[in-house]
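Spelled out, the chains give:
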Amino acid sequence: MNYLPNTDQDRSAMLRAIGVSSIEELFGDIPKSIRPQKPMAIPRGLSEFEVKKLVSGLSKKNLNLEDLSCFLGAGAYDHYIPSFVDQLLLRSEFYTAYTPYQPEISQGTLQAIFEYQTMICELTGMDISNASMYDGATAMTEAAIMACERKKNEIIISDAVHPEYREVLQTYAKSLGIVVKVAGHVNGLAAVSSLASLITKQTAAIIVQYPNFFGNIEDLPGIAKLAHDSDALLITTVVEPVALGILEAPGKCGADIVAGEGQSFGNGISFGGPYLGFLAAKDRFVRKMPGRIVGETVDNQGRKAYVLTLQAREQHIRREKATSNICSNQALCALAATMTLSALGKKGLREMAELNLQKAHYAYKKLTALPQVEAVFEAPFFNEFVIRLKKDPEAVNKALLEANILGGLPLKRFYQGMENDVLVCVTEIRSKEEIDFLAERLGGM
Amino acid sequence: MIKSELKYSKDHEWVLVEGNKAKIGISDHAQDALGDVVFVELPEEGDEVTANESFGTVESVKAVSDVYSPVSGKVVEVNEALLDSPELINSDPYGEGWMIVVELDDASQLDGLMSAEEYEAFLKEEE
Numbered sequence: 029m030n031y032l033p034n035t036d037q038d039r040s041a042m043l044r045a046i047g048v049s050s051i052e053e054l055f056g057d058i059p060k061s062i063r064p065q066k067p068m069a070i071p072r073g074l075s076e077f078e079v080k081k082l083v084s085g086l087s088k089k090n091l092n093l094e095d096l097s098c099f100l101g102a103g104a105y106d107h108y109i110p111s112f113v114d115q116l117l118l119r120s121e122f123y124t125a126y127t128p129y130q131p132e133i134s135q136g137t138l139q140a141i142f143e144y145q146t147m148i149c150e151l152t153g154m155d156i157s158n159a160s161m162y163d164g165a166t167a168m169t170e171a172a173i174m175a176c177e178r179k180k181n182e183i184i185i186s187d188a189v190h191p192e193y194r195e196v197l198q199t200y201a202k203s204l205g206i207v208v209k210v211a212g213h214v215n216g217l218a219a220v221s222s223l224a225s226l227i228t229k230q231t232a233a234i235i236v237q238y239p240n241f242f243g244n245i246e247d248l249p250g251i252a253k254l255a256h257d258s259d260a261l262l263i264t265t266v267v268e269p270v271a272l273g274i275l276e277a278p279g280k281c282g283a284d285i286v287a288g289e290g291q292s293f294g295n296g297i298s299f300g301g302p303y304l305g306f307l308a309a310k311d312r313f314v315r316k317m318p319g320r321i322v323g324e325t326v327d328n329q330g331r332k333a334y335v336l337t338l339q340a341r342e343q344h345i346r347r348e349k350a351t352s353n354i355c356s357n358q359a360l361c362a363l364a365a366t367m368t369l370s371a372l373g374k375k376g377l378r379e380m381a382e383l384n385l386q387k388a389h390y391a392y393k394k395l396t397a398l399p400q401v402e403a404v405f406e407a408p409f410f411n412e413f414v415i416r417l418k419k420d421p422e423a424v425n426k427a428l429l430e431a432n433i434l435g436g437l438p439l440k441r442f443y444q445g446m447e448n449d450v451l452v453c454v455t456e457i458r459s460k461e462e463i464d465f466l467a468e469r470l471g472g473m
Numbered sequence: 021m022i023k024s025e026l027k028y029s030k031d032h033e034w035v036l037v038e039g040n041k042a043k044i045g046i047s048d049h050a051q052d053a054l055g056d057v058v059f060v061e062l063p064e065e066g067d068e069v070t071a072n073e074s075f076g077t078v079e080s081v082k083a084v085s086d087v088y089s090p091v092s093g094k095v096v097e098v099n100e101a102l103l104d105s106p107e108l109i110n111s112d113p114y115g116e117g118w119m120i121v122v123e124l125d126d127a128s129q130l131d132g133l134m135s136a137e138e139y140e141a142f143l144k145e146e147e
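Chains as they are written, first to last, in this note's numbering: chain A, 29 to 473; chain B, 21 to 147.
Note that these hints are calculated values from the structure, not bench results. Do not rely on the hints blindly, as some may be mistaken.
[Stated by the list, open to error] Straight-line Cα separation of at most 30 Å, DSBU-like style, residue types lysine-lysine; simulated pairs: (1) K43/B with K180/A; (2) K316/A with K179/A; (3) K316/A with K43/B; (4) K310/A with K82/B; (5) K179/A with K41/B; (6) K460/A with K387/A; (7) K460/A with K440/A; (8) K394/A with K375/A; (9) K94/B with K316/A; (10) K180/A with K94/B.
[Said to hold, decoys possible] Residues of chain A placed beyond 10 Å of chain B at every Cβ, according to the derived structure: (11) D36; (12) S49; (13) E52; (14) R63; (15) S87; (16) P191; (17) A333; (18) K394; (19) L434.
Here a beta-carbon is modelled for each residue, glycine too, at the ideal position from N, C-alpha and C.
Please work from the sequences and hints to get the whole structure.
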């Protein structure tokens, strides 16, 4: 079977139609000197069967999380995804990344988005949520843009926020004239003292992560007070939202905008994407929020109906006033999150969060009891924590991989002075045996 | 309703001239055409506005519309009451519903505006 769409006859018909005799003549305007001098070294085509054999052979070189004990988190979390989620996602009614262009005709899609928004509001303690963003890093950055005004264009961000999230913020900020100031952590927590020293009249918002990049739980009420006393907003970014199953919602701790990553709910890790950004805020920011919001109303016969209530400025009208280029979104990923959260329910999510907490704390005790391992911070943590090794973390990880263990993240990649530190993540999926095996291996090094 | 002491623009803004300052709002006709106003976006004090360019936004249940400045100059007052009570534009477009006060750069720009009678005729024509 030939998969090339054009036959030689098709090509000559097309050339005839535009009045040139050959491909050579068609590209005649391109100087010979910059054209390839000889045919590209592409091997002859393979049959479907041969391709399948070749590619599945190559794919066997990959390791995947089904085969490994994963203790790596740092923004991507290995949580259980109920099997019905993928099955339902494949339904043709849902299987698109987009909200439809004629949205009201797709009541089911709109209802799913509405439910998603409701759940995000419940989890974050916010009044409004949009229909989703690209990922946690861009959602956090859009929150920062929402907070800025002409006379307030400074953002203070804790260095205990995910380093890659901070990079995305810096990238956007550069072209928007937003000044980003980074406040150092103290003992693994954003400290009011170091944040306060950076505040000026131009400070639009303080950004902290909850739980933070090191897994520690920030003192949101204290930081919120600092922000509000300085006429600035508190933006809280949540990269591991399973934590919200047991932690107080950021909105109840004084956050004004909550933005984060929803991958933990029903979305696979798969090389960093597609992920799911969520963005939620207090009511008064509704017109500064990018993206769209689905609302519930009644039709002319009084029946419940869903509509795109607010699509700020990105798409149809007044595009020149847009503050963001988000217009499509991660509707399918948001749907996966909605289905997962529906299946878990309030109680189930709490239980899942408790399992993460308990297993991580068991692992912490077990690992830090080893002579080869030292605890780094003493702050309360959720499902991630930092340990210091005696040996080079890269070498340790290599050895662990031979035992089918995916070790934690060596922090020297992002933080000076943390050369031997590793960020370890333990989710509900890890069994006691796996944790004990990790301890045994580390203890043997 | 058209108030005789005001000047009007083709974009349905009104101007009340007081010395070298101009108070600006939208006409009764404009608020009526927009319907219930639910949100108003205004410039900040100290901002410069330019004649025939947008200085703010009025969002009603029907549409989102730009509001154009009939004159150029510096914004010296902003009606912040509108941010919490945008409906003032509907209930009192020529009074409580004013939007901004501009210090005029060039008073001759006022010559291009319509008198109440001219505006009335302009509205009839538009129908």
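Tested hints:
| no. | hint | result |
| --- | --- | --- |
| 1 | K43/B with K180/A | 27 Å, holds |
| 2 | K316/A with K179/A | 16 Å, holds |
| 3 | K316/A with K43/B | 27 Å, holds |
| 4 | K310/A with K82/B | 24 Å, holds |
| 5 | K179/A with K41/B | 25 Å, holds |
| 6 | K460/A with K387/A | 8 Å, holds |
| 7 | K460/A with K440/A | 28 Å, holds |
| 8 | K394/A with K375/A | 28 Å, holds |
| 9 | K94/B with K316/A | 25 Å, holds |
| 10 | K180/A with K94/B | 20 Å, holds |
| 11 | D36 | 54 Å, holds |
| 12 | S49 | 54 Å, holds |
| 13 | E52 | 53 Å, holds |
| 14 | R63 | 49 Å, holds |
| 15 | S87 | 51 Å, holds |
| 16 | P191 | 35 Å, holds |
| 17 | A333 | 17 Å, holds |
| 18 | K394 | 56 Å, holds |
| 19 | L434 | 50 Å, holds |
In this structure, every one of the numbered hints holds.
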